[in-house]
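Undergrad: Residue strings, one per chain:
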Amino acid sequence: MKQPDSLKALITQLTAPSEEATSSDREQEEDTLYNFGFIDEDSKREVRRKLLKAVAIPGHLVPFASRDLPVAKGWGTGGLQITLALVKPDDTLKVIDQGDDDSVNAVNLRRFIQKTTNLQVTTDTLEATIVQTRHRVPEEPLGEDQILVLQVPMADPLRWVEPSIERSTEMHAEADYAPIWVYMYESVVRSGDVDISSQYPVMVEERYLMDTTPAPRYDVPALHMSKTLYLYGAGREKRIYAIPPYSRVAPLEFEDYPFKTEQKPGQACEKCGSTATYLTQHYIEAKSVDGTASHSATNGTEGYWAFFCSDTSYCNKRKKVI
Amino acid sequence: MQIVWLQSPQTKIYYNASTFRHLLDSLARPGKLNQLEYPEIPGGWLDEAPTHPTRENATLNPYALGAFLSLIDGEVSFAIASGGTWLQQESAAVRWLSLRSGASLKSPSAVAFAFFCEGRSGGLLKELSQGTLLEPESSATAFYCVEQLSDTPKTGRDWLELELSGPGILHSRRLYVAGMERSEIVAINASRGNYPLGIDLYLIDTLGQCVGLPRTTKILNR
Ligand SMILES: [Zn+2]
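Line order of the protein sequences matches chains A and B.
Reminder that position 257 of the first sequence reads as 257 in this note's numbering, one-by-one numbering, no gaps.
With the second sequence counted from 1, adding 1000 to any position gets you this note's numbering.
Here chain A stands alone, though its shape is the one from the complex (with noise of 0.2 Å):
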């Protein structure tokens, strides 16, 4: 998928003006053609609301109007949503697409936040006050100071079994889940594995089904009696909902077929030799002698598949240790 023209225009039109001023900080404030956190205060207001609601209501599905922003939906409008009504003048932020801060949609929001914001920017995940992030939870413990946003493309995890939204918000609350456990064993059954495996579904509290997004398996452990508070925001849904700090998330399993990650023993980072983070598979390709990347390596190495850590920021710190 290709970066949205919007956004282009929008992240162009923002950054050219400060290049070129060169009056004092205050006065590029005042020339701010946004609002803090560009969207209005009644928007922010509503967002609140239900923020604080979804944090009284552990892991379930609050609906919130969703406002248009120059992000197209499946950008992370949901998550950006969040964050713009969360965010204080005094914040510092980092934002991840499947825990690498480089990668072209974590740089597009981080400078759309930044720019409309004024805050101060981070990599390091210790550093943050604020991380918004798509798929990945950092590897690095968070803390009671911090709050982790996620941006959810699908909110509802009755959705592998009940495709209308009407009868699966009955079936929340009714807590009537037996229609899940139902599809999660016989896939058991059928493939000796259970067929959801990035979005994993959990209960919280013992009350409420709940979608950990497409974050990997291995993430889950990290939101059981987490030190931090989760945000969760499904734009294109219009879906916010919350894991407080303490607070008990248990994945679906079954006494003969417990949850268990992906992580396979032996597997190491190749960059930072962790055997203790979330690795993600990478395609080397081969080279040739003269240095040039080619398929067919004719007298150079051969191409592989290599594991580094997802956590660019955490591999990174551990490299300069080592």
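Possibly wrong hints are sitting among the right ones.
[As the list claims (entries may be wrong)] Take a look, some chain A residues computed to stay more than 10 Å from chain B by CB distance:
hint	residue
1	GLY37
2	PRO89
3	ALA173
4	PRO265
[Said to hold, decoys possible] Simulated crosslink set (DMTMM-like; lysine to aspartate or glutamate; CA at most 25 Å straight-line):
hint	chain 1	residue 1	chain 2	residue 2
5	B	LYS1032	B	GLU1163
6	B	LYS1032	A	ASP90
7	A	LYS227	A	GLU253
8	B	LYS1012	A	GLU41
9	A	LYS287	A	GLU302
10	A	LYS227	B	GLU1147
11	B	LYS1106	A	GLU206
12	B	LYS1218	A	GLU174
13	A	LYS227	B	ASP1025
14	B	LYS1106	A	GLU46
15	A	LYS238	B	ASP1025
16	B	LYS1032	B	GLU1147
17	B	LYS1218	A	GLU144
18	B	LYS1032	A	GLU127
19	A	LYS88	B	ASP1073
20	B	LYS1218	A	ASP145
21	A	LYS88	B	GLU1037
22	B	LYS1012	A	ASP145
23	A	LYS88	B	ASP1025
24	A	LYS264	A	GLU127
25	B	LYS1032	A	GLU206
26	A	LYS238	B	GLU1163
27	A	LYS238	B	ASP1073
28	B	LYS1012	A	GLU140
29	B	LYS1012	A	GLU174
30	B	LYS1012	A	GLU46
31	B	LYS1012	A	ASP91
32	B	LYS1032	A	GLU144
33	B	LYS1032	A	ASP40
34	B	LYS1106	A	GLU41
35	B	LYS1032	A	ASP91
36	B	LYS1012	A	GLU302
37	B	LYS1126	A	GLU174
38	A	LYS238	B	GLU1135
39	A	LYS88	B	GLU1040
No lab work stands behind these hints, which were simulated from the structure alone.
Small disclaimer: the values here were computed from a predicted structure and weren't measured.
Beta carbons are placed, not taken as given, at the ideal position from N, Cα and C, and that holds for glycine.
Since the structure of chain A is provided, determine the placement of chain B with the ligand on it from the hints.
TA: Below, chain B with the ligand alone, put in the same frame as chain A:
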């Protein structure tokens, strides 16, 4: 830095953002004391704040008023009670809140936000909505103005000692409250026996310390 903000037109935006973070943290960590900012802004949206509706020569808690105002607008309705009675449209406090927020006064069972000018509702808490199974988020959020909150032991007959547990609390947490009646704790517990239904609460003291008690918090009166 602080002074610059106070003189800039962004002041109220920053106040709302910072207050929201305290309210969010309070609800995410029930029983934790969060210090709210004093909502004093030149040009003055807290100017001419109403006096206490039922206590002579007393002010209404400005921290609680400011926090309450930061959440309401034309999209929601509110109710306010003092001395165990709901205030009517013509009361100064109602007019002041409506004018500054755009929110309208409605009957207590229909409102999203309720404000108790003291640490007691006088039995009015049970009139607020606890939400429905389909929409538990449609329940009311209520603010109580209490005298004082403490997380360190306080003794004396003015103080309630509460033991809190539930999501947001590692094991259990002690909270000491002055200016709240014992019977109110009974009323609060009665309003949250049917989870996921329930009313979410804030207690705010005269110094601006704020505590959140979401419906998930179990409250034991020691
Ligand atoms: Zn690594």
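Undergrad: Look at each hint and say if it fits the structure.
TA: The hints, checked one at a time:
1. Some Cβ of chain B comes within 10 Å of the Cβ of A/GLY37; the nearest lies about 7 Å off, and the non-interface call is violated.
2. A/PRO89, annotated as away from the interface, has a beta carbon of chain B within 10 Å; the closest lies near 6 Å.
3. Not every C-beta of chain B lies more than 10 Å from that of A/ALA173, the closest at about 4 Å, which undercuts listing it as non-interface.
4. Every Cβ of chain B is farther than 10 Å from the Cβ of A/PRO265; the closest lies at roughly 32 Å, confirming the non-interface assignment.
5. Proximity of B/LYS1032 to B/GLU1163 is assessed by CA-CA distance (about 12 Å); at most 25 Å being required, the pair is judged to hold.
6. Of the supplied pair hints, the one linking B/LYS1032 and A/ASP90 holds, its CA atoms being roughly 21 Å apart against a limit of 25 Å.
7. For the suggested pair A/LYS227 and A/GLU253, the alpha carbons sit about 24 Å apart, so the restraint of at most 25 Å is met.
8. The straight-line distance between the Cα atoms of B/LYS1012 and A/GLU41 is roughly 10 Å, inside the 25 Å bound, and the hint therefore holds.
9. About 7 Å separates the Cα atoms of A/LYS287 and A/GLU302, which keeps this hinted pair within 25 Å; it holds.
10. Taking the CA atoms of A/LYS227 and B/GLU1147, the gap is near 30 Å; set against the 25 Å cutoff, the hint is violated.
11. Between the alpha carbons of B/LYS1106 and A/GLU206 the distance comes to roughly 35 Å, so the proposed pair goes past 25 Å and is violated.
12. Taken as a hint, the B/LYS1218 and A/GLU174 pair is honoured in the structure, with Cα atoms around 22 Å apart against an allowance of 25 Å.
13. In summary, the hint linking A/LYS227 to B/ASP1025 is supported, as the alpha carbons are separated by about 12 Å, within the 25 Å threshold.
14. Pair hint B/LYS1106 plus A/GLU46 holds up; C-alpha atoms about 19 Å apart against a cutoff of 25 Å.
15. At roughly 23 Å between alpha-carbon atoms, A/LYS238 and B/ASP1025 fall within 25 Å of each other, so this suggested pair holds.
16. Proposed proximity of B/LYS1032 and B/GLU1147 is supported: the alpha carbons are some 17 Å apart, at most 25 Å.
17. The hinted pair formed by B/LYS1218 and A/GLU144 meets the criterion: a straight-line CA distance of about 21 Å does not exceed 25 Å.
18. The hinted pair formed by B/LYS1032 and A/GLU127 meets the criterion: a straight-line CA distance of about 23 Å does not exceed 25 Å.
19. Distance restraint check for A/LYS88 and B/ASP1073: the Cα-Cα separation of roughly 20 Å lies within the 25 Å cut-off, and the hinted pair is therefore satisfied.
20. For the proposed pair B/LYS1218 and A/ASP145, the alpha carbon gap of about 24 Å is at most 25 Å, so the pair holds.
21. Taking the CA atoms of A/LYS88 and B/GLU1037, the gap is about 13 Å. The hint holds against a cut of 25 Å.
22. At roughly 24 Å between alpha-carbon atoms, B/LYS1012 and A/ASP145 fall within 25 Å of each other, so this suggested pair holds.
23. Between A/LYS88 and B/ASP1025 the alpha-carbon distance is near 14 Å, which keeps this suggested pair within the 25 Å criterion.
24. For a cut-off of 25 Å, the pair hint linking A/LYS264 to A/GLU127 is broken: about 31 Å separates their Cα positions.
25. Annotation: proposed proximity of B/LYS1032 to A/GLU206 holds, straight-line Cα distance about 24 Å (limit 25 Å).
26. This hinted pair does not check out: A/LYS238 and B/GLU1163 have alpha carbons roughly 37 Å apart, beyond 25 Å.
27. Restraint check for A/LYS238 and B/ASP1073: satisfied, since their Cα atoms lie roughly 21 Å apart, inside the 25 Å limit.
28. In summary, the hint linking B/LYS1012 to A/GLU140 is not supported, as the alpha carbons are separated by about 35 Å, beyond the 25 Å threshold.
29. Distance check on the hinted pair: B/LYS1012 and A/GLU174 sit about 41 Å apart at the alpha-carbon level, beyond 25 Å; violated.
30. A threshold of 25 Å between alpha carbons decides the hint, and for B/LYS1012 with A/GLU46 the separation of about 16 Å falls inside it, so the pair holds.
31. Restraint check: the Cα-Cα separation between B/LYS1012 and A/ASP91 comes to about 17 Å, which is no more than 25 Å; the hinted pair holds.
32. Between B/LYS1032 and A/GLU144 the alpha-carbon distance is near 12 Å, which keeps this suggested pair within the 25 Å criterion.
33. Using a Cα cut-off of 25 Å, the hinted pair B/LYS1032 and A/ASP40 is violated, with the two alpha carbons roughly 30 Å apart.
34. Proximity of B/LYS1106 to A/GLU41 is assessed by CA-CA distance (about 23 Å); at most 25 Å being required, the pair is judged to hold.
35. For the proposed pair B/LYS1032 and A/ASP91, the alpha carbon gap of about 21 Å is at most 25 Å, so the pair holds.
36. About 61 Å separates the Cα atoms of B/LYS1012 and A/GLU302, which puts this hinted pair outside 25 Å; it is violated.
37. At most 25 Å may separate the alpha-carbon atoms for a hinted pair to count; B/LYS1126 and A/GLU174 meet this at roughly 24 Å.
38. Between A/LYS238 and B/GLU1135 the CA atoms are separated by roughly 15 Å; this keeps the pair inside 25 Å, and the hint holds.
39. Simply put, A/LYS88 and B/GLU1040 have alpha-carbon atoms about 18 Å apart, close enough for the 25 Å limit, and the pair holds.
The structure shown violates the earlier hints numbered 1, 2, 3, 10, 11, 24, 26, 28, 29, 33, 36.
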